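Protein chains: 2
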Amino acid sequence: MIKKYYLLSPGPTPVPEEVLAAAANPIIHHRTPEFSGIFMEVTEGLKYVFGTEQDVFVLTSSGTGAMETAVINTLSPGDKVIVLNGGKFGERWGQICTSYGVDVREVSVEWGEPFSKDQLTDELKANPETKAVFATLSETSSGTVYDIQGYGEVLAKADAILVVDGISGLGATPCPMDEWGVDVMVAGSQKSFMIPPGLAYLSFSSKAWDLVEKSTLPKFYFDAKKYKKNLEKRTTPYTPAISLVIQQKKALDIIKSVGLEKLFEHHRILGDATRAGVKAIGLGLLSKSPGNILTAVNVPAGVDGLKLVKTMQGKYMAYIAGGQEPYKGKMFRIAHLGYMGGFDVITALTALEMTLSELGYEFKLGSAIGAAEAILKENWE
Amino acid sequence: MIKKYYLLSPGPTPVPEEVLAAAANPIIHHRTPEFSGIFMEVTEGLKYVFGTEQDVFVLTSSGTGAMETAVINTLSPGDKVIVLNGGKFGERWGQICTSYGVDVREVSVEWGEPFSKDQLTDELKANPETKAVFATLSETSSGTVYDIQGYGEVLAKADAILVVDGISGLGATPCPMDEWGVDVMVAGSQKSFMIPPGLAYLSFSSKAWDLVEKSTLPKFYFDAKKYKKNLEKRTTPYTPAISLVIQQKKALDIIKSVGLEKLFEHHRILGDATRAGVKAIGLGLLSKSPGNILTAVNVPAGVDGLKLVKTMQGKYMAYIAGGQEPYKGKMFRIAHLGYMGGFDVITALTALEMTLSELGYEFKLGSAIGAAEAILKENWE
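Protein chains in written order, with UniProt numbering: chain P, 1 to 381; chain F, 1 to 381.
It is worth saying that the hints were derived from the structure and are not from the lab.
Please note that a few of the clues may not be correct.
One copy or two, it doesn't matter: identical chains are merged, so the pair holds either way.
Listed below are the simulated EDC-like cross-link pairs for lysine to aspartate or glutamate, each with C-alpha atoms no more than 16 Å apart in a straight line [said to hold, decoys possible]: (1) K3 x E34; (2) K330 x D304; (3) K310 x E34; (4) K47 x E373; (5) K377 x D272; (6) K315 x E34.
Note that the structure is predicted; figures quoted are calculated from it, not measured.
With the rest of the complex left out, here is chain P (with noise of 0.2 Å):
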């Protein structure tokens, strides 16, 4: 059989047709009116879908590098943080700020458990000095979404700034930055946002600009003052990554004519028929709180892991990601995430009923695609 790529990953997701032929057109140069009339509707369109009125700077560089802008631009040495570590990228966080000599109070969460507001009050009463919390929206290492809005709700009432990374779900869940109080978000190009890797996005609230006037951290490429001095001359202060902004333009056209709103529901309607699948053949996911990004299944018992991934990638070529240590061969990540469509969801789910099938898992073929089936009829239209 032709053996098709199924790009099934919580980043990179796959780009529509239209936006990846976008950057097959000759390449047009950067300090020119054509370039910054598509830049400028970049930063436009990118406003719409961070629910902010302020700014949204374009870097050149992977979502980490955003992580690592928001970090040197709005803090000192010695600054205190409290940092939610649930997983992969909330520890990034806390290895971001302590290579700058920032005090770090790193709140452990279990991967999959939630956080509650409560938590974070309690949290900021035993560390007054704290100058940011750092949370993640849609945690990737273990599919949960945490309350960004609930920790919003405490620190609008702080003077400690909210700093998000919303690499991976801001776009397909809810996370309007300006309502829910977000002082600094970040994102990244190859996730909700419809384009290759590339391209990181962030934004800091008149909150978040005062640390910045005041932030004495050594910088240079990541330094936010000069993108917004540029961005008033409708430009970047270094060449762009152009293919990738140009790009951006054009999926960013396809995000606004069906909205954010019906992009939510469509990553819920997703969400919700992954997860009826996998539990429909016995399945657990991992999080107690899952978003609709991704995934996190549990490796059943009996059942070899990092085979399970190898030949879901392998033979069915479902690029579906596997488990990061400590969960390394006990889980796996079906995304959702991105330009997704329904039937999508059922190839996963096919791929890994006929790989757990091979492995010895006992179940009845089709019974997790029939239930996520179910679900996309019902909510199809």
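Fit chain F to the known structure of chain P by using the hints.
Below, chain F alone, put in the same frame as chain P:
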């Protein structure tokens, strides 16, 4: 008339059609053997262009990000360095170092003037505690190529390392890293590497790597040790710009099939033709040591330099670059870098002739293009 777009700037540069088309393929996942194979071919190809046996690291950023990577991985606060500043990009080395509390001795060289290895020897004698010398292979703001080979000879006998911005020069003009004793070499994807902007490359000699081990400047996204560790696992520490890496594989295939020596000769011919052309109509060059990457031309007396660039770009869609401060309006730059053919020089000079004629400059129409044609004809094979 249909107005075709001609990119004649020193970055971004034109991308071969088959390389553009490569970006339109569906995105594959970066943590897979398939991508690792492509990625390792890219790093091998980069080693060929760099002229090094050392690892070449691939960053998702502009060239400036790689310049910063060079600084923050080799130095510690208070370290003394010498920066050769002969234009905007030499100046940038100083700005980056200063941002990180490095003690900069800036040697200002007039734009377009050469800087000899003997002058460097004198500077080092006067500043014996120098840890690093920052130089530029091709200064894009003035079209000047500096004597990196000579600096390498000087620094081979010193403790200091030689850090070279090869962003616009590498691959177009000789600068074999290992042979010439360059300790840190920096390059960018949108120059002679024939792909769009978004990737930057750098490599460290073992002498430089000794400093990397001792460097205490803070870093995270640009931490060279992480790139080294991940390269051993055939990958990058953070999600790379996948589509650009795939394009770079394709473009390196072209570069390798032509061969570096022939590419240098190709750029030499284009440079000779351009210089002959502008001289034939009485124009002077800004640089006393012009390279074959771009030609910086003085605006003749009586001609409005800003209008010249505006007409070239707006009326003829010939996207040359203007002069940067303090040469704005006094100089313009015609690039012949990357995927350019001989007739692209003729296009540039024809648009220039038509523009100059319109702006009242007196000369015989056809003389610039005729002079360039003669050089091309003589060298064509």
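Evaluated hints:
1. K3 x E34: between (41 Å within a copy, 14 Å between copies)
2. K330 x D304: Within one copy only: 8 Å inside a chain, 69 Å across chains, cut-off 16 Å.
3. K310 x E34: between (46 Å within a copy, 13 Å between copies)
4. K47 x E373: This pair counts as neither: shortest intra-copy Cα distance 35 Å, inter-copy 51 Å.
5. K377 x D272: within (12 Å within a copy, 68 Å between copies)
6. K315 x E34: Between. Shortest inter-copy distance 14 Å satisfies the 16 Å Cα cut-off; intra-copy 46 Å does not.
Going down the numbered hints, you'll see the structure goes against just number 4.
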